[in-house]
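Starting from the known structure of chain A, fit chain B onto it as the hints suggest.
Going down the list, the sequences are from chains A and B.
Mapped onto our numbering, the consecutive letters of the first sequence carry residue numbers 120 to 234.
Mapped onto our numbering, the consecutive letters of the second sequence carry residue numbers 174 to 287.
Please note that the accuracy of each hint is not assured.
With the Cβ distance kept under 7 Å, some of the chain A side facing chain B (calculated, not the full set) [said to hold, decoys possible]:
| no. | residue |
| --- | --- |
| 1 | 146 |
| 2 | 162 |
| 3 | 165 |
| 4 | 220 |
| 5 | 221 |
| 6 | 225 |
Quick list of the computed label-pair ranges, beta carbon to beta carbon [to be verified]:
| no. | chain 1 | residue 1 | chain 2 | residue 2 | range |
| --- | --- | --- | --- | --- | --- |
| 7 | A | 231 | B | 230 | 34 to 42 Å |
| 8 | A | 201 | B | 214 | 20 to 28 Å |
| 9 | A | 124 | B | 193 | 32 to 40 Å |
| 10 | A | 147 | B | 258 | 31 to 39 Å |
| 11 | A | 214 | B | 234 | 16 to 24 Å |
Below 35 Å or equal to it, Euclidean Cα-Cα: the simulated DSBU-like pairs (lysine-lysine) are [to be verified]:
| no. | chain 1 | residue 1 | chain 2 | residue 2 |
| --- | --- | --- | --- | --- |
| 12 | A | 229 | B | 251 |
| 13 | B | 184 | A | 226 |
| 14 | A | 229 | B | 187 |
| 15 | A | 226 | B | 187 |
| 16 | B | 230 | A | 229 |
| 17 | B | 230 | A | 175 |
| 18 | A | 226 | B | 230 |
| 19 | A | 124 | A | 229 |
| 20 | B | 230 | A | 187 |
| 21 | B | 251 | A | 226 |
| 22 | B | 230 | A | 173 |
| 23 | B | 230 | A | 124 |
| 24 | B | 187 | A | 175 |
| 25 | A | 173 | B | 184 |
| 26 | A | 124 | B | 251 |
If you are wondering where the hints come from, they were derived from the structure by calculation, not from laboratory data.
Positions of the beta carbon are idealized from the N, C-alpha and C atoms, including for glycine.
Here is how the chains run, residue by residue.
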Amino acid sequence: DQQVKQNSPSLSVQEGRISILNCDYTNSMFDYFLWYKKYPAEGPTFLISISSIKDKNEDGRFTVFLNKSAKHLSLHIVPSQPGDSAVYFCAANAPRQGGSEKLVFGKGTKLTVNP
Amino acid sequence: GAGVSQSPRYKVAKRGQDVALRCDPISGHVSLFWYQQALGQGPEFLTYFQNEAQLDKSGLPSDRFFAERPEGSVSTLKIQRTQQEDSAVYLCASSEGQRFYEQYFGPGTRLTVT
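Just chain A, same shape as in the assembly (with noise of 0.2 Å):
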């Protein structure tokens, strides 16, 4: 069973415009969420993250909301730009018994900014 999920393949917006990416998850347990973005061919970068105990973290045009009751997170970039145009990834931390720490990854969202 998947744990985080991105239900939206894909995603495109206007060069200037609001883009959000959606997250849900299903554990509980997770204590952080993160966002990653990769272009073609290289590693995940990271973005941005949120600690379960927070709703909202910004920096600078990027903004990660968070709403524990409906277990949903989502990313904001404003204003969007052409070099925003990557999949991104949402991720969460699930803590384990012995040190161990891992990190649970959705399927992605690939977004594309039109100029």
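Okay, now just chain B, sitting in the frame of chain A:
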């Protein structure tokens, strides 16, 4: 500073061959992770090291997969008797002690088994 590096970037192996994939984490990062990413999917956890200790190998798909980090820095992921379903991108990530959840990824090794 230097990021996470991986080698080789591309590897083609005939079915049944053994392969070894290398990861050089960011200097000073105590945590190191391996992930497998199939086409059209997100990365999936394979194994986790804290320094030289392998604390979690629950994601390794079979006993053909083996990872080591003997001196707590460079890590090697070895796949024995490769099969076609092993074809994927293998990603290595590292993180520092305090912000362990913010993992920094290398470019990956694309393995193709023919």
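Problem - Violated hints, by number in ascending order, as checked against the structure - result: 1, 24, 25
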